[in-house]
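Engineer: Protein sequence lines, in the order shown, are assigned to chains S and P.
Here our numbering is used: position 229 in the first sequence is 261, and no number is missing along the way.
Here our numbering is used: position 194 in the second sequence is 1035, and no number is missing along the way.
What the hints contain is simulated information worked out from the structure, not anything from laboratory work.
Wrong hints could be hidden among the right ones.
Simulated pairs of lysine to aspartate or glutamate, EDC-like, Cα-Cα distance not exceeding 16 Å [to be verified]:
no. : chain 1 : residue 1 : chain 2 : residue 2
1   : P       : Lys1173   : P       : Asp1038
2   : S       : Lys359    : P       : Asp986
3   : S       : Lys93     : P       : Asp960
4   : S       : Lys361    : P       : Asp986
5   : S       : Lys359    : P       : Glu913
6   : S       : Lys238    : P       : Glu983
Pairwise CB distance ranges, derived in the manner of DEER restraints [unchecked claim]:
no. : chain 1 : residue 1 : chain 2 : residue 2 : range
7   : S       : Phe235    : P       : Gly962    : 24 to 30 Å
8   : S       : Ala164    : P       : Glu982    : 27 to 33 Å
9   : P       : Arg1269   : S       : Val65     : 42 to 48 Å
10  : P       : Ala1209   : S       : Met152    : 55 to 61 Å
11  : S       : Cys59     : P       : Gly962    : 26 to 32 Å
12  : S       : Asn223    : P       : Ala1039   : 51 to 57 Å
13  : P       : Ser1215   : S       : Ser102    : 57 to 63 Å
All values derive from a computational prediction rather than experimental measurement.
Virtual Cβ for every residue (Gly too), placed ideally from N, Cα, C.
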Amino acid sequence: MSDNSAVKDPFIRVVKRGDMKSGPKICIRIGSVVVSLIVCGILINVITGLNPVAVYVTMFKGAFGSTRRSFATIREMMMLACVAIGLAPAFKMKFWNIGAEGQILIGGIVSAGCMINLNMLPTFPLLIIMFATSAAAGALWALLPAVFKAKWNTNETLFTLMMNYVAIQLTSFFVSKWENPKGSNTVGIINSNTQAGWFPEIFGQKYTLNIILVVTLAILMWVYLKYTKHGYEIAVVGDSENTARYAGISVSKVIIRTMLLSGAVCGIAGFLAVSGASHTISTSTAGGRGFTAIIVAWLAKFNSFYMLLIALLLAFLGSGATEIASKCKLNDYASDMIIGIILFFILASEFFINYRLVFRKHAKEEA
Amino acid sequence: MKKKIISMALAAITAFSLAACSGDTAPTTPAGTDAGDGEQATEAGTEAVTPAEGVTGDASEVKIGVILVGDENEGYTYAHIDGVKKAAEAVGIPADNILWKYSIPEDESCYDAAIDLVDQGCTAVFSNSYGHQSFMQKAAEEEPDVQFVSMTGDTAAMSGLDNFSNAFTNIYEARYVSGIVAGMKIAELVDAGELSDANFDADGNVKIGYVGAYPYAEVVSGYTAFYLGVKSVYDKVSMEVIYTNSWFDIAAEGEAANSLMADGCVVIGQHADSTGAPTAVQSALDSGKVAYSVGYNVDMLGVAPTAALTSATNNWSVYYTEAFKDVVNGEKIPTDWAKGYTEDAVAITTLGESCAAGTQEKVDEAIAAIKDGSLHVFDTDTFTVDGAKVDSALVDMDGDFENDDEEAVSDGYFHESELRAAPSFYLRIDGITELTAE
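Work the whole structure out from these sequences, hints included.
Structural biologist: Okay, structure coming up:
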C-alpha cells in the first residue's frame, strides 16, 4: 500500500475471517446472549425501575417453575422446532418459503376434520391417518408455488405469502362450518369426552408424543440434509443453480421434491398443534410460528439440533412473558422487546464470527 | 460472502415481520388506550360495592385466579380488572392473593393458564372471554375441587359439572335505558324541526342505526332492547343493523356508522367494543350532519364530546363480589348468574351535553320501574313479529342449538337471561332491519 492510499484508508475496515474454530464460535454466541441480557436488564431498569435479575428469575419460574409449566414450554418449543425443521430444506435451497403459516393451517384443518368425522376409529389408526393426511395436505399446499417456481420461475416469496391468506380464509370457512356452540365462531375443544384423535399420554405425560415426533423428525432431517444425495443436491441448488445444472442436477425436480417435503413437515406441525396441543382449530392455530420458525431455521444454519436449542430459547421467552406480565406488571410488549433485543444480538454475533473489524492503525501494520 | 449478508438481512427482516405479527395478534391496540376512559366508565360502580357482610370464611387465605383476554389497555378487560379489584377489597381478599393472567388467547394457553393457577393454589378461576369457555370446562373436568367460571359463557348448565359456572349481566336493561336517552333526543330533534326528509323512511318513521358485532342472540337481545327503549319515548322509529363480524374493529365499526348515517340514521347505537362508531358520528356531526351516538362499555365523551349521548355499561364488581363471597365461604358459585339494575350490575354512563332536557328524570323513572318489576324490557305488548303479538318463544337449553326446549314468554314478557345467564332473545321484531346478516 502506498502512502497516498493510506490517507484514504477508512478508519474501520471489515475483513472476512477464515474458518473459526467451534470453541470460540460458541463463546461468541453465548457472549452475545449474555450481553443482550445485560442490555435488556439496563433497559428494564431504566424504563420501569424494576430489578432486572428479579424479572429474569420470574421469567425462568414462569417457563420452568413446575413440571406442568416445563412441559407447556417444551410443547411450544417442539411446535416451533417442527416448523423450523420443515422450513430448513427449503431455505437451504434458497427457496423463500414464507408460507409455513398456511401449510400449518392446512395440516391443522385436515387433522381437525379427521377428529370430527372419524372419531369412531381407535386412537392409533386415527392418529396415523391424521398424520398422513395432514402431511399430504401441507405438501400439496407447498406444491403449488413449487411447481410455478420450477416451471415458470415465479416469485416464490410472494406466492407462498399469498397462499397464507388463502389458508386463513379456508380456516375461517371451516371454523364456521364446525363451530360449537353454534353462533360462537369457535370450534371449541373437539371430542372433549372421548379424546378421539388426541395424543395419548405416554409415561404419564401428555406431551411425550410431541417430543418423540419432533426429535425423530429432527434427526431424520439432519441425516437427510447432511448425508444423503438429496441433501447434497439441495445444498448445490442453494449455492448456485447454474452449478447444479452443470453437474446434471435437475433443478426443477429438486425444487418440487424439496418443497413437497418442506410442506409435509409443516403440515405435520399443524397436526401437532391440533391433535397434540389445542384440540381445536382457529385462524390463530399457527399463531405466527410459520414466521418465527424462519428465524429459528436461519439462526441455526439449518442444523436440526441448533434449531431445537433456539426454539427452546424462544419458547422460554414466550412462557416467561406471561409470568412477568402477571408478577412484574410488565405487559407482553415487554417480552417482545426482550426477544427482539436478544435476536438482534445473536444476529450480530454471526457477523463477528464471519468478519472482524480492522482499525486503520492495525491495517497499516498488517499491510 | 454476499449471500451471507443477504441471508442475514433477510433474517433481520423476518425478525421485524415477527415483531409486526405479534403486534397484530395482541388483543390490545393503541386505540383501545384512547378509548380507555375506563375510570369514567366504571365510576358508576364505585358506590355499588357492598361492605364485607355475609363473609364467614377466612378471606385472607383464599387465592383467586383471573384469566383475561386482554390487559388494562382494552376497555372490556379493564372493566373486569376494575370489578375484580373492587370485589376483592370488598370481600377482604388481599390484593396479592389475586393471581392475574393477562392477554391469554382463546386456545390451549387458556387451559394451561387455568391449570397453572390451580397449581399455584387458587380455589376459584375466572375467565372473561367467551372463547375461553371450552378450555375452562376442560380444566373444570380435571380439577373437581376448584371452581371455574366462564364469564359470558353458556354451557355450564348443560355441562353437568358442579364446579363450572357462567355469569353475565342483564346488560339489555341498560341498553333499554340508553334507548330512552336516544328516544328523548329524537323527540327533541323532531319537535325542533331539525330533521330532513332523508331522516324518515317511507312510513314516516325516524331512522336510527345500530352497529352490531355478530348476529348472535347476545347482540340481537341488545339491539332489540335498545330499539324498544327508543320506542318507549318516541314511537315512530325504524332501525337498521349492520354487523361487522368482529368484536373490536375500529375501521369496520366507523365504516358501518358512516353508511348508516349516509342512509339517514339519526342515532347510531353499538354492540362492539371500539370507539370507531362514536368517532365517525362525531366527525359527521362536526361537518353539519344531524347524528348522535350511543356507546357500549366505556364513556364515549372522550372521543365524541358533543355526539355521544351515553353508553350502556357493565358493573362487574357486583358479580365478582357475590362470587368471591361464595368462594371464601366455601359455597358453590351459582351455575348461572345474571343480574341487572336490581343489584346495580349494569348502568349507563354520564349523560352527554347534547342530551335532551328532562332525560335524567325519564331515565331515573325507567330504572326505578325496572327495579320494582313494573317495567319489563321485552314486554310483548310493545313489539310484534311479522305483524303479530308473540305469545310463545322456546329457547335452547340442552345445547342442540334448536330453540325448542323451554318457554321463555309468560306473564306478558320474554324472560331474558332467567333460564340461563347468557342472553337468549333471538326474535327478529318488526321495525328492525338487519342489513348484513351472515
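Engineer: If a hint holds in the structure, say so; if it doesn't, say that too.
Structural biologist: So, going through the hints one by one against the coordinates:
In summary, the hint linking Lys1173 (chain P) to Asp1038 (chain P) is not supported, as the alpha carbons are separated by about 57 Å, beyond the 16 Å threshold. Between Lys359 (chain S) and Asp986 (chain P) the CA atoms are separated by roughly 25 Å; this puts the pair beyond 16 Å, and the hint is violated. Our distance criterion of 16 Å between C-alpha atoms is met by Lys93 (chain S) and Asp960 (chain P), whose separation comes to about 13 Å. A C-alpha spacing of about 29 Å is found between Lys361 (chain S) and Asp986 (chain P), which places the hinted pair above 16 Å, so the restraint is violated.
Restraint check for Lys359 (chain S) and Glu913 (chain P): satisfied, since their Cα atoms lie roughly 15 Å apart, inside the 16 Å limit. With a C-alpha separation of about 13 Å, the suggested pairing of Lys238 (chain S) with Glu983 (chain P) holds against the 16 Å cut-off. Judged by the Cβ atoms, the range 24 to 30 Å given for Phe235 (chain S) and Gly962 (chain P) holds: they are separated by roughly 27 Å. Between Ala164 (chain S) and Glu982 (chain P) the C-beta distance comes to about 31 Å, which sits within the given range of 27 to 33 Å.
Between Arg1269 (chain P) and Val65 (chain S) the CB atoms are about 60 Å apart, so this pair departs from the stated range of 42 to 48 Å. A beta carbon spacing of about 58 Å between Ala1209 (chain P) and Met152 (chain S) agrees with the range 55 to 61 Å that was offered as a hint. Checked against the hint of 26 to 32 Å, the pair Cys59 (chain S) and Gly962 (chain P) fails, with Cβ atoms roughly 43 Å apart. A hinted range of 51 to 57 Å holds for the C-beta pair Asn223 (chain S) and Ala1039 (chain P), which are about 54 Å apart.
Under the hint 57 to 63 Å, the C-beta atoms of Ser1215 (chain P) and Ser102 (chain S), about 59 Å apart, fit the expected range.
Checked against the numbered hints above, the structure breaks hints 1, 2, 4, 9, 11 and satisfies the rest.
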